[in-house]
Amino acid sequence: MNAADSIIRLHRVNKSFGEFKALIDIDLDINIGEKVVVMGPSGSGKSTLLRTINRLEPIDSGTITINGSDLYSPKEDINRIRMELGMVFQSFNLFRHKSVLDNLTLAPMKLKRIPRDQTEALALTLLDKVGMRDRASHYPVQLSGGQQQRVAIARALMMEPKIMLFDEPTSALDPEMINEVLTVMVSLAREGMTMVVVTHEMGFAREVADRVVFMDGGAIVEEASPEAFFTQPRNPRSRIFLQQVLNPYFRSGPRSV
Amino acid sequence: MPEPKSFKTEAKDHTPPVPSPDNHGLISAWTIALCVTIALIILLPWMQPDPYLNILRFIPDGIWVTFEITVLSISLAIVIGLLTGLGRISSNRFINLIASLYVEVVRGIPLLVQLFYIYYALGRFIRVPDLVAAVIAMAFCYGAYMGEVFRAGIKSINYGQVEASLSLGFNHRQTMVYVILPQAWRTIMPPVGNEFIALLKDTSLVSILAVADILRRGREYAAESFNYFETYTMIALIYLLITLILSKLIAIMELRLSYYERR
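Protein chains in written order, with this note's numbering: chain Z, 459 to 715; chain V, 18 to 280.
No wet-lab data here; the hints were simulated from the structure. Errors might be hidden in some of the hints.
Only pairs whose alpha carbons sit at most 30 Å apart, straight line, appear in this in silico BS3-like list of lysine-lysine [claimed, not checked]:
| no. | chain 1 | residue 1 | chain 2 | residue 2 |
| --- | --- | --- | --- | --- |
| 1 | Z | LYS587 | Z | LYS568 |
| 2 | Z | LYS568 | Z | LYS620 |
| 3 | Z | LYS479 | Z | LYS533 |
| 4 | V | LYS218 | V | LYS172 |
| 5 | Z | LYS556 | Z | LYS570 |
| 6 | V | LYS172 | Z | LYS479 |
| 7 | V | LYS172 | Z | LYS570 |
| 8 | V | LYS172 | V | LYS265 |
| 9 | Z | LYS620 | Z | LYS570 |
| 10 | Z | LYS556 | V | LYS172 |
| 11 | V | LYS265 | Z | LYS556 |
| 12 | Z | LYS568 | V | LYS172 |
| 13 | Z | LYS556 | Z | LYS620 |
| 14 | Z | LYS620 | Z | LYS587 |
| 15 | Z | LYS533 | Z | LYS620 |
Keep in mind it's a predicted model, so treat the numbers as computed, not measured.
Using the sequences provided together with the hints, build the complete structure.
Set out below in structure tokens:
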């Protein structure tokens, strides 16, 4: 891997919540256009890892570099860096007091000072892309979870980010709504967006991921191509995890591994 | 002597359920209170012009003063409250300490004592008009309560909204202005409305200073005519009429503010 191409670089990142070590010596380089899926059991630190890439969590030590800027340096303008990072949350977090269209236009109008008509034109194009154009004037409470998440993706894209971070984007959704969100994410991946996705969606990982990162106990225990990870996981913990996720009704213990 | 507890719980099981506040039936308590108040305000002067009509002629100047003090005080209190509320959630220790100190001190001193303090004690150093002193004292006191209202309102907004806003590139101030406060406003408005009514009633305290509000005008009239019963009856009715109307307006406003939560 050529380090010069890395758009995201994590170097020996450590973070703890009190006594609990959430991240232990994380080293991770992600290249431009690469799609990385982060997996791991609950509490393994995968969401924390993703949130540190947007400085939503302070870190104890180590460095995170985004596009050459040191994310945790007090000298850097964090808001400028964040504009290049789109983030999609598990709980959508659409602005409840604004319509779908206003959710999209707020940030570009206020932060980039783009006139309303231009911003709205871009917003409608993106809403078209996620299939939500006909709901532009609705309020978030009037939408289903899947629709809210698609709007949230469009909202993040409005700032024309170089990287998109997805924090369990389908975990809060009913099963029949998962696909509509994944479809949008797949088409985004096809356009060459750099993506870091925390998810349990195996199908999505197989389809678009260049690399699967498996975390357990706050550390990265395995990095592999999806093909290798799903068929021949090297780490015993990965194997147990995959077994439990793939056969949720057939919970065999570590004995059978 | 306390009754045996088992008896009480047993009796509770047989009491009819308390009606829901939304279930007004044909007429609500509010409607009854308003109709009776208006009827009395019209009928009493009509049936007994002396002294009721005279009282009604004498007091209105005071209504204007009461409103003036209320509106000025609440406006100032909202500004102080917003700053205090933001100060109380600030990560800056110094600002946080100042705001908390203000709230603790003001909440621990009776309003009447604060009024006297600002009017007489500070009057030794700077002379301000009576009305201004009254407004400052009321706003100073209510600002602290309002600060708690604002703090609670801001805290009631899901932190996910803050994170979504930050992740788009807004700084903390912009997040507060564009995302949190417009939503918190809805939670804040009803208690602010209640504080408004409470403040309007508490302005009657300023009649002790030389401010000619409703109560002061009434007391002046009663002192001349010795019609204490009739005067205070009219004063009570006037305050009641004003607060009844205001409480309804606040309820309507509350409903309108929640437009985006309706499906």
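Quick rundown of the hints versus the structure:
Pair hint LYS587 of chain Z plus LYS568 of chain Z holds up; C-alpha atoms about 23 Å apart against a cutoff of 30 Å. For the suggested pair LYS568 of chain Z and LYS620 of chain Z, the alpha carbons sit about 20 Å apart, so the restraint of at most 30 Å is met. As the CA atoms of LYS479 of chain Z and LYS533 of chain Z are separated by approximately 27 Å, the hinted pair is consistent with the 30 Å bound. Distance restraint check for LYS218 of chain V and LYS172 of chain V: the Cα-Cα separation of roughly 29 Å lies within the 30 Å cut-off, and the hinted pair is therefore satisfied.
A C-alpha spacing of about 19 Å is found between LYS556 of chain Z and LYS570 of chain Z, which places the hinted pair at or below 30 Å, so the restraint holds. Between the alpha carbons of LYS172 of chain V and LYS479 of chain Z the distance comes to roughly 28 Å, so the proposed pair stays at or under 30 Å and holds. With a C-alpha separation of about 29 Å, the suggested pair LYS172 of chain V and LYS570 of chain Z falls inside the 30 Å cut-off, and the hint holds. For the hint linking LYS172 of chain V to LYS265 of chain V, the alpha-carbon distance of about 27 Å falls within 30 Å, and the restraint holds.
Taken as a hint, the LYS620 of chain Z and LYS570 of chain Z pair is honoured in the structure, with Cα atoms around 16 Å apart against an allowance of 30 Å. The suggested pairing of LYS556 of chain Z with LYS172 of chain V holds, with an alpha-carbon distance near 19 Å, which does not exceed 30 Å. Taking the CA atoms of LYS265 of chain V and LYS556 of chain Z, the gap is near 27 Å; set against the 30 Å cutoff, the hint holds. At roughly 24 Å between alpha-carbon atoms, LYS568 of chain Z and LYS172 of chain V fall within 30 Å of each other, so this suggested pair holds.
Of the pairs offered as hints, the one joining LYS556 of chain Z and LYS620 of chain Z holds, with about 26 Å between alpha carbons and a cut-off of 30 Å not exceeded. Distance check on the hinted pair: LYS620 of chain Z and LYS587 of chain Z sit about 18 Å apart at the alpha-carbon level, within 30 Å; holds. Restraint check: the Cα-Cα separation between LYS533 of chain Z and LYS620 of chain Z comes to about 21 Å, which is no more than 30 Å; the hinted pair holds.
Of the numbered hints given earlier, the model fails none.
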